[in-house]
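Enquirer: The residues making up each chain are set out below.
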Amino acid sequence: MSDIVTLQDVYKIYGKVHALHNINISIASGEWVAVMGPSGSGKTTMMNIIGCMDTPTKGSVQVDGTETHKLNGAALTKLRREKIGLVFQQFHLVPHLTAVENVMLAQYYHSMPDEKEALQALERVGLAQRAEHLPKQLSGGEQQRVCIARALINYPSIILADEPTGNLDKVNERIVIDIFNQLHKEGHTIIMVTHDPKVGQLAQRQIELDHGQLVYSGVV
Amino acid sequence: MLKLRMYLRLLKRAVTKRKSRMIISLLAISLGAAVISALVSVYYDMGVKMRKELRTYGANVVVAPSPKNNFISTRELESVMDTLPKDNLIGYAPYIYGVVRTGDSRLVAAGTDFTQVKKVSPYWHVQGQWPDSDNSILVGIAAARQLGVETGDSIVIMAEENKQWLKAEVTGVVETGGTEDNQIIMSLNKAQHLFDKKGKINISYASIIGDAETVERWTNDLESDLRVEPVKKISQAEGKILERIRSLVYLVVIIILGSTLLCVTTTAMAMIMERRQEIALKKALGADNKSIIYEFLGESTILGLLGGAAGWAIGFGLAQGIGLSVFNSLVSFRWQVIPAVLATAVIMSCVACLIPINKALSVEPAVTLKGE
Ligand SMILES: Nc1ncnc2c1ncn2[C@@H]1O[C@H](COP(=O)(O)OP(=O)(O)OP(=O)(O)O)[C@@H](O)[C@H]1O
Ligand SMILES: [Mg+2]
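Chains as they are written, first to last, in the numbering used here: chain A, 442 to 661; chain B, 509 to 880.
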């Protein structure tokens, strides 16, 4: 299977802090990887670099065939738009747009908004009835499902989720994890940060960071 | 096409779902636009209204006999005045003078056309009544004191030259602050009769609306032996007053523009800070700088249009208030003011957004989305 993400000798250094220290990993297309490790170990930093939101201080990064460490801001934005689907811990929806409009927003920046398709995406995450609701009218779990629908809408090569269940209760966690399970079965590449070992075990592979270094990679 | 529709939908949501946030900016723009709209509306009418107003301070053109003559014939005067633009000629008051005696006193009597005097010199202050017949007269306030007469008295007046006399009733005492205060003033007809100067006058004062150059051009163009001359001091003073008010209006408009700009910039700045998360999210979703700029400029344009429209309406009302209280008349509706005010408001609103937008572009999604 071909690698969709490759990090080689990647460092991210803030002053004295080595947020990432000599990271080397490859992630295959269609793989579901759980990123684990204590707080401050560099998980989000790594996700940002893979997700084209940031560049490494040193080292090389390949995302779906593109060397991203050489790109400028505009080119990174373009790549992110085309290849990456993002899901955040704090949901991050535009507060004055309805659920379906939040999904359409991703289409709008990507190419063409298509309300029908956006509604179908919401239906996939079980929110067809909530399409016209504003984020504040939705529960946390529902908001996160809107985010997932939005992350999927442009058929990204990689879905990045930074603690997607971190702010959810057990029931909603279950629903969201089931969706990811489904996406994995359909062949999506998923990289997910999680603190929960049980969630981590659902992935094909766990990697663990500590003080910016990769300390474990493999199936538990 | 679909993209444009989504763009408009985004703008609509940003404006309608964030009403309370928009209101301050909207208020600032409306107020600025209102003052500007009022000033511009008044400004257009001001020249005309001010000139009319200034004409109440007396004549600005003197008509004197040709150098060879001592008198002007009333017919000659009329024919000359008829050639002036009717709408601009407020009036012209003819005068004939003669020395008269009454009792032991010797003083000047003038004959004039009272209806014209009222137009040319509205500042004449009459205690009592204006004469309404050839047998009633006005007495200047100083003359009245000298003669010891008051309203209601009858006096006998004798022309010194030809010894003709008449008896007339004093219907009012006039105060002008000028030479009239020392005179007896009667109807033109009566005076011409008294002095044996039928159809003749000594001088006429006219009041003509127009700036100094225009009035001068008109009087120069008159084909007549009469000496028709603008009172330079008056027309120039009028010009200066208008000039000063004009520059005052410019100054006020600039100050209003500046303070509105400042106010809208500050609120826009606060708005951007508040929407950092949203901007960061949009960038994370792949929005490029162009999209972000378009969205904020779009919102600013809508704000400008709404604020400009409201401002124009308020300003038009305000202009009527100013017109009524200052010039005693309404300010006319001019459609040109609408696009001018709208354009100003939109430009103001967009310019005020430039610095905030620049700030928005510097938002780092990775940093901003992490915080909270
Ligand atoms: N912009 C930044 N400037 C300076 N230091 C930073 C910055 N971003 C991250 N760091 C530091 O880098 C280290 C790794 O941070 P990171 O956010 O990747 O941790 P994390 O593993 O995601 O932690 P958590 O589980 O709490 O989310 C931390 O020590 C953090 O303080
Ligand atoms: Mg993190």
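Don't take every hint at face value.
Quick look at which bits of chain B chain A covers, simulated, 3 or more residues with Cβ under 8 Å [to be verified]:
1. 657-671
2. 717-731
3. 795-808
Simulated DEER-style distance windows between Cβ atoms [unchecked claim]:
4. B/Ile763 / A/Ile454: 30 to 40 Å
5. B/Thr774 / A/Asn608: 29 to 39 Å
6. A/Tyr596 / B/Lys798: 18 to 28 Å
7. A/Asp610 / B/Glu782: 51 to 61 Å
8. A/Gln645 / B/Thr774: 34 to 44 Å
9. B/Leu535 / A/Asn622: 20 to 30 Å
10. B/Tyr515 / A/Ile454: 34 to 44 Å
11. B/Ser528 / A/Ile454: 40 to 50 Å
12. A/Pro479 / B/Arg526: 31 to 41 Å
Simulated from the structure, these hints should not be mistaken for lab results. Ideal Cβ placement from N, Cα and C applies to all residues, glycine included.
Enquirer: Work down the list of hints and note, for each, if the structure agrees.
Expert: Cross-check of the supplied hints:
1. 657-671: The restraint on the segment 657-671 of chain B is violated, since only 0 of its residues have a Cβ under 8 Å from chain A and three are required.
2. 717-731: violated (count 0)
3. 795-808: holds (count 4)
4. B/Ile763 / A/Ile454: 30 to 40 Å: 52 Å, violated
5. B/Thr774 / A/Asn608: 29 to 39 Å: Between B/Thr774 and A/Asn608, where Cβ atoms are some 34 Å apart, the hint holds.
6. A/Tyr596 / B/Lys798: 18 to 28 Å: For A/Tyr596 and B/Lys798 the Cβ distance comes to about 23 Å; the hint holds.
7. A/Asp610 / B/Glu782: 51 to 61 Å: Cβ of A/Asp610 to Cβ of B/Glu782: about 29 Å, so the range 51 to 61 Å is violated.
8. A/Gln645 / B/Thr774: 34 to 44 Å: Taking Cβ atoms as reference, A/Gln645 and B/Thr774 lie about 53 Å apart, which means the hint is violated.
9. B/Leu535 / A/Asn622: 20 to 30 Å: 52 Å, violated
10. B/Tyr515 / A/Ile454: 34 to 44 Å: Given a distance of about 40 Å, which is inside 34 to 44 Å, the answer is holds.
11. B/Ser528 / A/Ile454: 40 to 50 Å: Roughly 44 Å apart at Cβ, these two residues keep to the hinted range, so it holds.
12. A/Pro479 / B/Arg526: 31 to 41 Å: With a Cβ separation near 39 Å, A/Pro479 and B/Arg526 satisfy 31 to 41 Å, so the hint holds.
The earlier numbered hints that this structure contradicts are 1, 2, 4, 7, 8 and 9.
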